[in-house]
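Please put together the full structure from these sequences, using the hints given.
If you read the sequences in order, they're chains A and B. Per this note's numbering: the first sequence ends with 49, consecutive numbering throughout. Per this note's numbering: the second sequence ends with 368, consecutive numbering throughout.
Keep in mind that the hints were calculated from the coordinates and are not lab data. Treat the hints loosely; a few may be bogus.
Unchecked claim - Listed below are several chain B residues computed to face chain A (Cβ distance under 10 Å; list not exhaustive):
(1) Gly78
(2) Asn129
(3) Arg145
(4) Gly150
(5) Val301
(6) Ala303
(7) Ala315
(8) Pro317
(9) Leu319
(10) Pro324
(11) Glu325
(12) Ala326
Here the structure is a predicted model, which is why all the values come from computation and not from measurement. C-beta: ideal position from N, C-alpha, C; glycine also.
So the chains spell out like this:
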Amino acid sequence: MQLELIWPADLPANQLRTWLREQLAQHGVPLRWAITAVEPLGAGCRQLKLEAVMTSSEQ
Amino acid sequence: MAAPLPTLLVVPTGIGCEIGGYAGDALPSARLLAAASGCLITHPNVINGAALYWSDPRIQYVEGYSLDRFAAGELALRAVRQQRLGLLLDAGIEPELRHRQLQVAEGCRATLGLNIGPVVTSDVPLAVQLRQGPSGASWGELGRPDALLRAGERLRDAGASAIAVVARFPDDPESEALSAYRQGSGVDVLAGAEAVISHLLVRELGLPCAHAPALSPLPCDPLLDPRAAGEELGYSFLACVLVGLSRAPDLVSLTTEVALPLGAGLLHAEQLGAVVAPEGALGGEAVLACLERGVPLITVANPSLLKVTPEALGITSGLQRARSYMEAAGLLLALREGIAEQSLQRPLLKLTEI
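This is the structure:
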């Protein structure tokens, strides 16, 4: 799956991993994932693109 | 020389890295970084060269999912003298190709002294499917993950302490993607599915694991890129996996209630002295976990499909940039010996008072 997320302005890079895992957990159990792009949206906003392989919580 | 500086080396799989995106072609770089650091923790994709391999006691062979968990502080690594390698074969491998895999295992027993066995075949074909993400990165799926896990459990229950998997991958000898890969461009389209297989087994069984695809041999290509050559020397990709796994460290969970002290023969993420990763591929979980715990980051100019750079992530501190893995080795040595990087460069700016 691919996920697009707006990077919270007050979230530093060294806290991204925990936040991203929380976002991914809403879609299942992540098996493998990575940020594949960071796109500026203007006014200091950034969009993260993630690609992930998820498993269901029963698997 | 100073004590080893445990260092994480990441070269993400399936994104077409110029160095490391082929048949173990990051292995020379890994050997150099292992010499500089004294202790290199890296994943199989970096050092698997199919028929080619190099065993270095300074290199810890740690599968990608467990590498992520280690960097996150959820696993520790315990050195072993020898793993007992269970061999898991996909029921979808045709008889002659299956024999080739078994002959590699027999050769590794007879010639290299590896401890291999038992052998288990999945009860149904695993049905590997290849995928490509919107970024162009390689991904994959398994039609029958349940069969993979059942076979893995049988090996574990029969005494295997590590698992080598051989899954039948789809042949597509006429594909443009394969042609590009063989000639030194494009992405390893198998890599993503390989990662899914090993990740699933490690997550569920907690054992070291690595994967080799079973593919029909390709016709000789006079234009074959040297970086891809290791995968076209024989009938199997399994030898490097067996060698690597034979001394892969045990994975010790740190998320149980049993407190394990630092030391106790274990390598913990707290001991990491550096992480080395391609400059544009910083978005994987292991690197992000290292950023969390403030591990010094050394980026290397190693182009790939991705542009997740320090600038993109807003990383401004704890960062050193290397133009090559040779330069990264120098930076690692300086870290290990406690030599300030600024002292090695010119101009050397004077001290300023704050």
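For this session: Tell me if Ala315 of chain B is really an interface residue toward chain A, meaning its C-beta lies closer than 10 Å to one of theirs.
Result: Because about 18 Å separates Ala315 of chain B from the closest Cβ in chain A, which is outside the 10 Å limit, the hint is violated.
Exercise. Was the hint right that Gly150 of chain B lines chain A, CB cutoff 10 Å?
Worked result: With Cβ-Cβ at 9 Å, under 10 Å, it holds.
Problem set entry | Cut-off 10 Å, beta-carbon criterion: hint that Glu325 of chain B touches chain A | This hint holds: Glu325 of chain B lies near chain A, its Cβ roughly 9 Å from the closest one there, short of 10 Å.
Problem set entry | Given hint Gly78 of chain B near chain A, where the shortest CB pair must fall under 10 Å | 7 Å, holds
For this session: Mind checking the CB of Arg145 of chain B against every CB in chain A and telling me if the closest is under 10 Å?
Result: Cβ of Arg145 of chain B sits 9 Å from chain A, so the hint holds.
Problem set entry | Given hint Ala326 of chain B near chain A, where the shortest CB pair must fall under 10 Å | Hint holds; Ala326 of chain B Cβ to chain A Cβ min 4 Å, cut 10 Å.
Problem set entry | Minimum beta-carbon distance criterion (10 Å), Leu319 of chain B to chain A | 8 Å, holds
Problem set entry | Ala303 of chain B as an interface hint toward chain A, with CB separation required under 10 Å | 6 Å, holds
For this session: Using 10 Å as the Cβ threshold, decide whether Val301 of chain B counts as touching chain A.
Result: 9 Å, holds
For this session: Would you settle whether the hint for Pro317 of chain B is holds or violated, based on the nearest Cβ-Cβ distance to chain A being less than 10 Å?
Result: The hint is violated - Pro317 of chain B has no Cβ within 10 Å of chain A, the shortest such distance being about 15 Å.
Exercise. For the hint on Asn129 of chain B, does the least C-beta distance to chain A fall short of 10 Å?
Worked result: 29 Å, violated
Exercise. Is the hint on Pro324 of chain B kept, meaning its closest Cβ partner in chain A is under 10 Å away?
Worked result: 9 Å, holds
Consistency note: the structure conflicts with the earlier hints numbered 2, 7, 8.
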